[in-house]
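J.: Spelled out, the chains give:
2 protein chains.
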Amino acid sequence: MKTYLDCIPCFFRQALKTSRIVTNDEALQEYILKQVSKLIGQLDLLKPPPYTAYKVYQLISKLTECEDPYLDIKKASNNLALKFYPKMKQLIKESPTPMETAIRLAIAGNIIDFGAGIEANKEIIEKSIKSSLQYKISKSVISKLQSSISKAENILYIGDNAGEIVFDKLLIEQILPRKITYVVRGKPIINDVTLVDAIDSGISSLVEVVENGSSAPGTILETCSPEFMQCYNDADLIIAKGQGNYETLNEERNKIFFLLKVKCAIVAEDTASEVGSSLIIRSEQ
Amino acid sequence: MKTYLDCIPCFFRQALKTSRIVTNDEALQEYILKQVSKLIGQLDLLKPPPYTAYKVYQLISKLTECEDPYLDIKKASNNLALKFYPKMKQLIKESPTPMETAIRLAIAGNIIDFGAGIEANKEIIEKSIKSSLQYKISKSVISKLQSSISKAENILYIGDNAGEIVFDKLLIEQILPRKITYVVRGKPIINDVTLVDAIDSGISSLVEVVENGSSAPGTILETCSPEFMQCYNDADLIIAKGQGNYETLNEERNKIFFLLKVKCAIVAEDTASEVGSSLIIRSEQ
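Chains R and D, in that order, give the protein sequences. One point on numbering: in my numbering, the residue at position 263 of the first sequence is 263, and numbering is uninterrupted. Every number in my numbering is 1000 more than the matching position in the second sequence, counting from 1.
Just so you know, the hints here were simulated from the structure itself, not pulled from any lab data. Please read all numbers here as calculations on a predicted model, not as lab measurements. Do not take every clue at face value.
[To be verified] Covered, in the sense of this in silico footprint (three residues per stretch, anywhere, with C-beta under 8 Å from a C-beta of chain R), are these stretches of chain D:
1) 1005–1012
2) 1036–1045
3) 1252–1261
[Unchecked claim] Pulled from the structure, derived: some chain D residues nowhere near chain R, Cβ distances all over 12 Å:
4) Ala-1015
5) Ser-1019
6) Asp-1068
7) Gln-1134
8) Leu-1195
[To be verified] For the chain R half of the interface with chain D, some residues (derived, Cβ under 10 Å), not all of them:
9) Phe-11
10) Leu-16
11) Glu-30
12) Lys-34
13) Ser-37
14) Leu-43
Every residue, glycine too, gets a C-beta built ideally from N, C-alpha and C.
All chains should be built: construct the whole structure from the sequences, respecting the hints.
T.: See the structure below:
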C-alpha cells in the first residue's frame, strides 16, 4: 500500500507521542519533530507507510538514546492479554466452530496497537472481542482460510503487536500440530512483537520463532534477514497480522491471509471498509 | 498563547485539507505538504499558533494561485447562519436576560470554524446553540462583561469566522446604540470574516467595519494596519471572538473579553477547560 498524504500528520502525532514517552525534555521533543519534518521533506509516497515510520522511530531512538520506548507498555499489554487467555480458551472450547472463533479472537487482539494511537485497556479489548466475534466476515473467505490451513504443510505466522501475541497463541493452538513458524520483528519498534514477547506469551514453547531481522513496523522484505526470507519463500501459507504487515505485503504475490482490525481512515479507504472493521483479506495470487 | 508541539500535526492536517479544497492535483498537494515541512523546521514555539498558520495558508495560496480557498464555504456558512437568525432573534426577545442570551448565542456561533476541522452544518450549529445556552459560565464573569458593556463608550468587536458573524450581529444589536466598531481580517484566510461577510451578514449597515490589514487567522498586532491599531488603542472595551483571537491576544494587557467555543485539546489545556466548552475569558488587566 502506498503512503497517503493523510499519513503525514499521523507520523508527527506518533513522533510526538513516542518522544513524550521517552523524555520530558521539551526542547528535545521539539528538536525531534523538526528532524521528522526534514524526513517528511524527503518522503516517498510510493513506499508503504511503515517505511517512513521505520525512519521516524529510528530517529527518535537515536536522538533519545532509547532503543525500546515501549518496553514497559509491551510488558503491560502481555500481562493484560494473559488475563483474558483462560476465558478466551474456554470460548473456543465451547464454540461449535472453534477454528473460526480462534481466527476472530486473533483479529480482536489486533486492537492493541499503539502506533495507531489506541491506548488499549481492559474495556477496549473487551469491546474488540465482542465486535470481532459478531462482525460480518464473508463465509467464503473464512472457509478459504480454514481450508488453506487444513492443507498447509508449512505455515508462516507473522505477528504484529505485544499483547496481541497472546491472541495469536489461541489460534496457533487450534492450528497445531501442523508446522507453524511464528515471526517477530528483529529489533524493538513501537509495541511490535520481538523475541521476548514470544517467550512471555508462551508461543516460543509451542512453535519455532524466527526474528525477521528488521525493525520496521511491518514486513519490508528488503530489510529482512536471509533466514526470514528462506521461511517466507518456503511457506505454503502465510498468516499476517495487523495494519503494518498489510501495508507492506498487500501487493506481494504470495499466499497470504491478512487478519486485522481497521484502526485508521486510510487503511479503511484502502480496504474499502470502515474504522473498527474486523477483516480477513486474501492476497492476490 | 505559545504554540504547542501538538499543533504541528494540526498544521499539516489543515494544509492537506485546504490543498484538497483548492486542487485535485495530488502532486501539487504533496509538494505543498513538503514545503510546509520546511516551514515547520523553522517553527518558533514562542509565537502563537496563528503565526505559523498564517505562513502555511499564505504558502498554499501562493502555490495554488488561489487567494480565497474557502470563498464558497464562507458564503454557504453565512446563508446557513442567516436561516437561524429569526429564531435566535426571537429567543433573545423572549429571554428574561436578553443580553446574556445574546452573549451566549455569539459564543455558540463560534462553532463555525473550518480551521479547527469542524464541518459546521445545521445539526452541529443547533447542538452548539443548545450547549452554549445551557453551559455553566460564571455569573461573575457574565455580569462583569455586561457591566463593562454598559459603561463603555467605544467598543471594538473583533470578529472571527463567516457564518459566526450573523451570531455576532445579534449581540451587536443588543449593545447598540453604544458605539461599536466591528473588525474583520484584511485579506481572506481560512473561513475568517472579511469585509464581504460584514456586508452579507448586514453588520456593515449597523456599525462601522474596519479591516485589520492582516491575513493572519487571529490578531497578530505587528501585522495589523495603523488604522486598526488606532481603533485598538482607542477602545475602552474589546470583545474578541474565537480561538485565533484568544491565542494571539491573551497575553495583551488591554481590556479584552474573549468569547469562544473550545474546539481543540490544546486550547482546552491552555484555558483549563474541555473541548466543547463555551467560554468568556477576561484578559489580565
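J.: Could you run down the list of hints and mark each one as holding or not?
T.: Verification of the supplied hints:
With 6 residues having a Cβ less than 8 Å from any Cβ of chain R, the region 1005–1012 of chain D passes the three-residue criterion, so the hint holds. Figure legend: the region 1036–1045 of chain D, annotated as covered by chain R; annotation consistent (6 residues with Cβ-Cβ distances under 8 Å, at least 3 required). For the region 1252–1261 of chain D, the assignment as covered by chain R is violated, since 0 residues bring a beta-carbon within under 8 Å of that chain's beta-carbons and 3 are needed. Distance check for D/Ala-1015 against chain R: the nearest CB is about 9 Å away, which does not clear 12 Å, and the non-interface claim fails.
For D/Ser-1019, the shortest C-beta to C-beta distance to chain R comes to about 8 Å, within the 12 Å cut-off, and the non-interface label is violated. Residue-level check passed: D/Asp-1068 sits 22 Å from the nearest beta carbon of chain R, beyond 12 Å. Remark: the non-interface label on D/Gln-1134 is consistent with the geometry, its nearest Cβ contact in chain R lying 29 Å away (cut-off 12 Å). Against chain R, the non-interface label of D/Leu-1195 holds: every CB pair exceeds 12 Å, the least being about 33 Å.
Look at R/Phe-11: its Cβ gets to within about 8 Å of chain D, closer than 10 Å, so that hint holds up. Interface hint at R/Leu-16: satisfied, since its Cβ lies 5 Å from the closest Cβ of chain D, which is below the 10 Å cut-off. Because the beta carbon of R/Glu-30 sits about 6 Å from the nearest beta carbon in chain D, less than 10 Å, this interface hint is met. At its closest, the beta carbon of R/Lys-34 sits 5 Å from a beta carbon of chain D; the interface hint therefore holds under the 10 Å criterion.
Evaluation of the R/Ser-37 hint against chain D yields a held restraint, the C-beta minimum of about 4 Å falling below 10 Å. With its C-beta approaching chain D no nearer than about 7 Å, R/Leu-43 sits inside the 10 Å limit, and its interface hint holds.
Hint check: violations occur at hints 3, 4, 5; the rest are consistent with the structure.
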